[in-house]
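Chemist: Sequence:
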Amino acid sequence: MSARYPDKYLIGLTGNIAVGKSLVRQFLVDLGAAAVDADRVAHQVILRGGPAFDDVVKEFGLDVIGADGEINRAALGKIVFANQMELRALEAITHPPIRERIHQLIRSAKQRVVVIEAIKLLEGDLRQVVDAVWVVNAAPQTRLKRLMSERGLSEDIARQRIASQNKQEDKLRQADVIIENDGDVAETRDQVQRHWRDIHHSEAD
1 MSARYPDKYL IGLTGNIAVG KSLVRQFLVD LGAAAVDADR VAHQVILRGG
51 PAFDDVVKEF GLDVIGADGE INRAALGKIV FANQMELRAL EAITHPPIRE
101 RIHQLIRSAK QRVVVIEAIK LLEGDLRQVV DAVWVVNAAP QTRLKRLMSE
151 RGLSEDIARQ RIASQNKQED KLRQADVIIE NDGDVAETRD QVQRHWRDIH
201 HSEAD
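Here our numbering is used: the first residue of the sequence shown is 1, the next is one more, and so on.
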């Protein structure tokens, strides 16, 4: 059990873009876990009235505001994924309120097992909080195809998004559990179920 949350078992779920983290998260929810989606929290903190909205607009300018008055995430993405300094500036603004909200969600979860899906899990303080790091993995070509077919990105933009992230190999080296997700959903589900059983078996011993 986590020293910070002794009544809960925290799974930190990570992996680079388009490996299939959300699929694995949903399988864990189906098995009875509570879920915290850091990407969804990141969306929420930059909404108008959210804790990061004003600072993001101040940093990146009025051009990132869409016709609806909200930050246009596509416009913001074009800026930050093309420039590592801009990406770091955005993260410096958004990560503190994201972390605060994630901890609120963990505390309020009624389930004992909580899965936290976060692409930057290993780069922040959540690494020290979780009981186990699960890394979802998929081949580079699989990830590229998913970004193009499922998210409608051009090949150039998809490659840029992949290149902007820390290396997947670095995450794999820190994994307690690796879930291979190259396309066979049933095989992916079987892996999740097997490691879920291991959690309960280890606690029973």
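These are calculated hints, taken from the structure and not from any lab test. C-beta: ideal position from N, C-alpha, C; glycine also. Take the hints with a grain of salt, since some may be wrong.
[What the hints assert, rightly or not] No more than 27 Å apart at the CA atoms, straight line, and that leaves these computed lysine-lysine pairs for DSS-like: (1) 78 x 8; (2) 110 x 120; (3) 110 x 145; (4) 58 x 8; (5) 8 x 145; (6) 8 x 110; (7) 167 x 120; (8) 167 x 110; (9) 78 x 58; (10) 110 x 78; (11) 145 x 78.
[As the list claims (entries may be wrong)] Quick list of the computed label-pair ranges, beta carbon to beta carbon: (12) 62 x 167: 17 to 23 Å; (13) 67 x 31: 40 to 46 Å; (14) 173 x 26: 23 to 29 Å; (15) 149 x 75: 21 to 27 Å; (16) 30 x 149: 34 to 40 Å; (17) 141 x 108: 35 to 41 Å; (18) 125 x 43: 32 to 38 Å; (19) 141 x 22: 15 to 21 Å.
Chemist: That 40 to 46 Å hint for residue 67 and residue 31 (C-beta), does it hold up?
Modeler: holds (41 Å)
Chemist: Is residue 110 close enough to residue 78, meaning Cα to Cα at most 27 Å?
Modeler: violated (38 Å)
Chemist: Given the hint that residue 167 pairs with residue 120, test it: the Cα-Cα distance must not exceed 27 Å.
Modeler: holds (11 Å)
Chemist: For the pair we were handed, residue 110 and residue 145, check the Cα-Cα distance against 27 Å.
Modeler: Measuring from Cα to Cα gives roughly 37 Å; hence the hint is violated.
Chemist: For the pair supplied as a hint, residue 8 and residue 110, confirm whether the alpha-carbon distance does not exceed 27 Å.
Modeler: holds (9 Å)
Chemist: Is residue 110 within 27 Å of residue 120, Cα to Cα?
Modeler: holds (25 Å)
Chemist: Take the C-beta atom of residue 62 and the C-beta atom of residue 167, compute their distance, and say whether it sits inside 17 to 23 Å.
Modeler: Violated, since residue 62 and residue 167 (Cβ atoms, about 35 Å apart) do not stay within the stated range.
Chemist: Quick one: are residue 30 and residue 149 within 34 to 40 Å, going by C-beta?
Modeler: Given a distance of about 25 Å, which is not inside 34 to 40 Å, the answer is violated.
Chemist: Take a quick look at whether residue 167 and residue 110 sit within 27 Å of each other, Cα to Cα.
Modeler: Violated - the C-alpha atoms of residue 110 and residue 167 are around 34 Å apart, more than 27 Å.
Chemist: At the C-beta level, are residue 125 and residue 43 separated by a distance inside 32 to 38 Å?
Modeler: Taking Cβ atoms as reference, residue 125 and residue 43 lie about 21 Å apart, which means the hint is violated.
Chemist: Is it true that the C-beta distance of residue 173 to residue 26 lies inside 23 to 29 Å, as the hint says?
Modeler: For residue 173 and residue 26 the Cβ distance comes to about 26 Å; the hint holds.
Chemist: Residue 78 and residue 58 were given as a pair; does the straight-line alpha-carbon distance stay at or below 27 Å?
Modeler: Holds. Residue 78 to residue 58 sits at ~17 Å (cutoff 27 Å).
Violated hints, in rising order: 1, 3, 4, 5, 8, 10, 12, 16 and 18; the structure is consistent with all others.
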